[in-house]
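A.B. asks: With chain A's structure known, arrange chain B on it following the hints.
Protein chains: 2
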Amino acid sequence: MAGSPFESLEKTLEKHIPPVELKDVRRILFGNDTKKLELSQCAVEAALERDFELQGCMFEAGQEQLRQPRIVRVGLIQNAIVLPTDAPVMEQITALHRRVGEVVEVAAMCGVNIVCFQEAWTMPFAFCTREKMPWTEFAESAEEGPTIRFCQELAKKYNMIVVSPILERDEVHGDTLWNTAVVVSNSGAVLGKTRKNHIPRVGDFNESTYYMEGNTGHQVFQTQFGKIAVNICYGRHHPLNWFMYSMNGAEIIFNPSATVGELSEPMWPIEARNAAIANHCFTCAINRVGTEHFKNEFTSADGKKAHQDLGYFYGSSYVAAPDGSRSPGLSRTRDGLLVAELDLNLTRQINDKWGFKMTGRYDMYAQELTKAVQDDFKPNIVKE
Amino acid sequence: MAGSPFESLEKTLEKHIPPVELKDVRRILFGNDTKKLELSQCAVEAALERDFELQGCMFEAGQEQLRQPRIVRVGLIQNAIVLPTDAPVMEQITALHRRVGEVVEVAAMCGVNIVCFQEAWTMPFAFCTREKMPWTEFAESAEEGPTIRFCQELAKKYNMIVVSPILERDEVHGDTLWNTAVVVSNSGAVLGKTRKNHIPRVGDFNESTYYMEGNTGHQVFQTQFGKIAVNICYGRHHPLNWFMYSMNGAEIIFNPSATVGELSEPMWPIEARNAAIANHCFTCAINRVGTEHFKNEFTSADGKKAHQDLGYFYGSSYVAAPDGSRSPGLSRTRDGLLVAELDLNLTRQINDKWGFKMTGRYDMYAQELTKAVQDDFKPNIVKE
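Residue numbers (the UniProt record's numbering), protein chains in the order written: chain A, 1 to 384; chain B, 1 to 384.
Here chain A stands alone, though its shape is the one from the complex (with noise of 0.2 Å):
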């Protein structure tokens, strides 16, 4: 089932649905709906000739007298691997830079001033085998190394901002392990790196084994096209992780990720647009496609027998606004970029409309959730 060919839910709603009950469909499901993006005939035919799946969507803004609009457009980016996993891990590199640096090339066309990979972009999501070899072998120091030059040529290249979500080696402190996102700035400079703060221990994701939860708490970038911040993957899932990205500021948040079908799918259109309900800022949800084989067997922890695959990455990357629009999902297998036009001033529009900060009583949070993680913490349950 996971591995099914079903290509994307819009595409069946729209193939099967009279026009006049799928107007309701569509708003029931995705909200106001998005117009689409005219993107330039070249990187049509660019994306044709290279084989992905390239979508435009805008979200648009009311008009203010004192500030213009802030045009903002992002590009995500889904993809397969592109050799098998067993080839030598430069070569899998290198074919990884290459086939994204392909799809900036089309998102440099189609106008993207931030770009941003899917996590652990580098590499197989190879944590389910539970080795370390040659997986660690994947690790890239955040400042220096081939990613990171290749993500800074890129940025200046293009004028572009580069979230580049990596297995991250930290010589400096112990040589630890980190998955970590690396965001450049348009100008090539590496702005700084946010790390993974929520780890699965979930099916296969055995992620734990290889890296501890992040350390650099919830910063967010002040890029020339607006405050953004990451949230990698797992971080989806909590709901305070999104909260404390948008009190520190963040216009828009990213979730590169990598998950599978059997585990997450129902699960991936509710989470990244609820944040962007509650926390009145535009999320990004990127998730990797197809089925990564590995050589050697390994198990899940199911009762099943070994194997040599952790299922179906769904791809189906797509963006969510304040508003509880969002826009179409890309493709759940082909390689894909989406790019999305945002204005950003719907951010505070939204904020001014609904009030959910303003209302939020964090004042009384903060002392209830100071007292939930004490160790003598007595629930607050009436009995009759």
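Hints are computed from structural coordinates only; laboratory data are not their basis.
Every clue listed holds true.
Listed below are the simulated DSS-like cross-link pairs for lysine-lysine, each with C-alpha atoms no more than 27 Å apart in a straight line:
1) A:Lys353 x B:Lys304
2) B:Lys23 x A:Lys23
3) B:Lys15 x A:Lys15
4) A:Lys11 x A:Lys36
5) B:Lys353 x A:Lys305
6) A:Lys378 x B:Lys371
7) B:Lys11 x A:Lys11
8) A:Lys378 x B:Lys353
9) A:Lys383 x B:Lys156
10) B:Lys35 x A:Lys304
11) B:Lys383 x A:Lys357
12) A:Lys36 x A:Lys23
13) B:Lys11 x A:Lys15
14) B:Lys353 x A:Lys304
15) A:Lys371 x B:Lys371
16) A:Lys371 x B:Lys353
17) A:Lys157 x B:Lys383
18) A:Lys15 x B:Lys23
19) B:Lys35 x B:Lys353
20) A:Lys353 x B:Lys305
This one's a predicted model, so the numbers in the text were calculated from it and none came from an experiment.
C.D. replies: For chain B alone, coordinates are given in the frame of chain A:
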């Protein structure tokens, strides 16, 4: 559009999408299929005769060795008001008692253990008018008064927990008004009351004109049928509110609401469901149905002319489970009773599987949130 006769999303999908594709559509949209709960013929006939929709579904859990299944049936009731809004106050209240009473009788036939009514169920949702009279006359004491007596009779008669969200008059504390849910034990005793923590200032929801933010914190009620909490209406937009009920042990969180199509319909399927996922608990979202007309016109602060209703309450009540699945929604247009059989063991099973509480790092958030509410809070922003 909001007042369109569109009956329900689920029915439209079933009508048009071929079975082979419907399976994937349903899986992505609604998670694991819930089983249909067979209800007694006399209940089905009574619902037909009394002209309301009756639906039943089951959420199952895995077998355990040391715990028996903990099977509970909840009933969610959604309804339109019965009399015109300018009928005498006591006649309106009595008519609603009669209507809801006949639905509760069917709930009893269905073996419901805990029933929850919609927000401010004894009255029209008149706060759009900003008038004080006659609407404040609908307020009643939580401890005595016709509505609590009525609920106590139902509770004893049917051995059922009754969650009764009313406009409360607190005579002891300066005759103040509150938006309150009273929880009546199946013994007939008032177990307690819990007040709406977050009050909206959006659209026609001028409730802050009538009552303040609740002062009862995040109490959980230990009943014979599990630990329950009530997150009233606008509180569903606040992830911290759901979270704190869950931290206090809630296994089922009811969300009695009143909300209209134009404002919130695309957010409705997202928020309570996200809360069930994020907090490893069941959530029950209840909304009223129909359009309520008022004698005096009022404006909506949206540049439009004065008018006499605040739009269409779209029903669509549903139950969401911790595993990401959800029940079908009740109708957008009709009175209804949704009976859901829950195995409460699912909450701890999903907690053990996904581990959001274990990986939640609440000490970090307690510290960050405590800082974030200070006057001199400096957002954690990195600049080039």
